[in-house]
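All chains, full assembly: derive it from the sequences and hints.
Going line by line, the protein sequences match chains A and B.
Note that my numbering has the first sequence beginning at 1, numbered continuously upward.
Note that my numbering has the second sequence beginning at 1, numbered continuously upward.
What you were told as hints is all true, and nothing was included just to trick you.
Any copy will do: because identical chains look the same in the list, a pair fits if it lies in one copy or spans two.
With a cut-off of at most 25 Å between alpha-carbon atoms, the simulated SDA-like pairs for lysine to any residue come out as follows: (1) K260 - W56; (2) K227 - S327; (3) K341 - D134; (4) K341 - R132; (5) K260 - I280; (6) K227 - G157; (7) K341 - G131; (8) K227 - T54; (9) K260 - G245; (10) K227 - P155; (11) K227 - A59; (12) K341 - E310; (13) K227 - D159; (14) K227 - A156; (15) K260 - E293; (16) K260 - G234; (17) K260 - S106; (18) K227 - T158.
No lab work stands behind these hints, which were simulated from the structure alone.
Letter by letter, the chains look like this.
2 protein chains.
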Amino acid sequence: MPPEEATAQQGPLSGLRVVEISSYVATPLCGLTLAQLGADVVRVEPLGGAADRTRWPLADSGTSLYWSGLNKGKRAVTVDMASEAERRRVVDLIVRGGPCAVVSNSDRYPEFGYESLSALRPDVIHALLQGRADGGAGVDYTVQAASGFPLITGPAGTDAPVNHVLPAWDIAAGLYLAVGLLAAERDRLVSGRGRSIRVALDDVALATAGNLGYLAEAQVTGHERVKSGNDVFGTYGRDFLTADGVRVMVVILTERHWTKLLAATGLTAVFEGLADTLGIDFSGESQRYEHRELISTLLARWFGGVPFTEAAAVLDRHRILWERYRSFAELGRDGGAELRKSDLFGVVDQPGVGPHLAPKSPVVVDGERPEPRPAPVVGEHNAELLPAAASTAPTVDGPGDGGGTGSLTATRRSG
Amino acid sequence: MPPEEATAQQGPLSGLRVVEISSYVATPLCGLTLAQLGADVVRVEPLGGAADRTRWPLADSGTSLYWSGLNKGKRAVTVDMASEAERRRVVDLIVRGGPCAVVSNSDRYPEFGYESLSALRPDVIHALLQGRADGGAGVDYTVQAASGFPLITGPAGTDAPVNHVLPAWDIAAGLYLAVGLLAAERDRLVSGRGRSIRVALDDVALATAGNLGYLAEAQVTGHERVKSGNDVFGTYGRDFLTADGVRVMVVILTERHWTKLLAATGLTAVFEGLADTLGIDFSGESQRYEHRELISTLLARWFGGVPFTEAAAVLDRHRILWERYRSFAELGRDGGAELRKSDLFGVVDQPGVGPHLAPKSPVVVDGERPEPRPAPVVGEHNAELLPAAASTAPTVDGPGDGGGTGSLTATRRSG
Chain A
1 MPPEEATAQQ GPLSGLRVVE ISSYVATPLC GLTLAQLGAD VVRVEPLGGA ADRTRWPLAD
61 SGTSLYWSGL NKGKRAVTVD MASEAERRRV VDLIVRGGPC AVVSNSDRYP EFGYESLSAL
121 RPDVIHALLQ GRADGGAGVD YTVQAASGFP LITGPAGTDA PVNHVLPAWD IAAGLYLAVG
181 LLAAERDRLV SGRGRSIRVA LDDVALATAG NLGYLAEAQV TGHERVKSGN DVFGTYGRDF
241 LTADGVRVMV VILTERHWTK LLAATGLTAV FEGLADTLGI DFSGESQRYE HRELISTLLA
301 RWFGGVPFTE AAAVLDRHRI LWERYRSFAE LGRDGGAELR KSDLFGVVDQ PGVGPHLAPK
361 SPVVVDGERP EPRPAPVVGE HNAELLPAAA STAPTVDGPG DGGGTGSLTA TRRSG
Chain B
1 MPPEEATAQQ GPLSGLRVVE ISSYVATPLC GLTLAQLGAD VVRVEPLGGA ADRTRWPLAD
61 SGTSLYWSGL NKGKRAVTVD MASEAERRRV VDLIVRGGPC AVVSNSDRYP EFGYESLSAL
121 RPDVIHALLQ GRADGGAGVD YTVQAASGFP LITGPAGTDA PVNHVLPAWD IAAGLYLAVG
181 LLAAERDRLV SGRGRSIRVA LDDVALATAG NLGYLAEAQV TGHERVKSGN DVFGTYGRDF
241 LTADGVRVMV VILTERHWTK LLAATGLTAV FEGLADTLGI DFSGESQRYE HRELISTLLA
301 RWFGGVPFTE AAAVLDRHRI LWERYRSFAE LGRDGGAELR KSDLFGVVDQ PGVGPHLAPK
361 SPVVVDGERP EPRPAPVVGE HNAELLPAAA STAPTVDGPG DGGGTGSLTA TRRSG
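Set out below in structure tokens:
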């Protein structure tokens, strides 16, 4: 890719450079999100590439599909992190030229910290991800355990915690970082000053539990949440199995939804009878939640008696809020035929992977979003961003603190 | 709260007004996040309050703890949505005065849409949440079903999908909306123009599955993901039970972690023997993942043989990445003693709930974050924001399209 193409990005963040000194999920997602909105995002890696370059799942070539997904459309440089002179090149990248923000998940090197950088460039924005707000280590999976959610996830009547496979706290933390960074960028445009932004995974988890009412409930009511399978809390929602074994999720939020579901399933008279006999008013959300087992028993009979295509036609005709469970295998099958139906996906020809469908930004700006771009190979942009890069030649510095990983020979596969 | 206090907000978004015409989780979280960073967020509700005002969990008084959590620090006005004149007051709130952004989860009223608003105010920013990008209805629980994740969540060997209790797509979508809105706000400061931002829940789910490599894996490899309980994919991580029945999560990402865990559990010699005998190199992440059952069997024996306090001391001494599973009940117990340890929480005295610990923003700006503020009661800020508000008097308009909910008498519990 010629430099012109790499830097000529469109979008509301065009003109903003983001230097990403990061790994894993949260900080790379922050950078990806900003890149998709037009920022020029440069990922800095140690020699040979960052540790997460080999993270599963892998293509047959050994290229990480995970890394490729989270680093689309960025530029990538490698430096010998053990060398002070090399780290100074990264500092130069940040403090010279147009407006710049830094995204990092480490405070290992003081020169990449807010204090050092703001002394050289008072308008720098610095966004730091922490595992724990108290400075301790934490990753999505450990933060999950402490968050409360795994103990109320999974089938009713079971004890063992069920972790989310989705690293939801990484995702949320990466997006909170982007929000903080852009809030600081607004302030920079108004006042000219930079800001330090900090987001910790454990704060994100506990703030979310608080925002959704879980922690207030635990403090002010005697009620203790327990596992309730796929039942939606406080309203009516559950999964059902059709006669031919297809699993669907159905959600009833309003009285209109409820009336339509009864009409769709032919249960209107049955529930009128139950309402009369048992004195239950099914028209309210909380009443439906309280009597969800009764409702589910009758609905499960209906779903169990019809094949999926018939159930789907009836639910759609009555505009019920429902969805069929899909597997990743199904979503990827036949060259991603299912994904092609959506404007979200575009073809990326990723080195080491080949052409495949990859997502654009879920943020649509003025009705448009740019096509997805490949992730960079190791050191791909060293030549254009670090013109006299010492990283391509042996350094005269000592071995330092061992921060460098990989070998010199692996430094520049492309450039 | 006097008007001065309500509007004198600090933070990098101070001076930006956000008018929120929204409900449920994603759009209110967007507004909450912006309010916590200093924006003046005004939530617009129909007469009597929005439908989500009664969502569970509830305090004994009937006040929604969920609503209170997601609407902290906003101002709230009610208008008769069925009245065109009343809706015009909301339009006035948006188009008059300083810079303004709109957050909405509905395209029901054309005058609140981007086209109408930008005709009156070209620099308006409009952020719309959709259920499905194709315009169809969707909520977190239905989008989850189609996302692929529930079919690979839960114990290995089971078939039924396990939904996340956490509405992760709502959370991510709300934060993506905030990112899009602030990217547009940057562009407005640079170019003076407004933007239309759109985020759909199903796009957020599929984009995330794509960004994390799940969809590329399904397209380009023959590998099909299956449920694997609490095992972390592609590296080593799992939950264990101590001798006294305490559940902990342990994660090993690096060779250093691995060496330390063996030292902590006294298994160094055992694994050296296994490495020699079986020819397995346990030093690599992918090798540890492939042989995770062998590792887990031996670790489970160790954990099962020590009480929790002893295990905790050993793990901490060796700086292992681990965490104990906590319940919401534990987090709320004793007036939130566990939460008080963190700077994240502050006391809010919420009408209908009383004083309790509520989270501040997980985004720390220059080392600080403001104390949490209560959520507004229904129509609390009508008098200051809609001075000659017709909503407090019977309207001369016809019944309109029935968009208004609730009764006139319930309009202003506080002013």
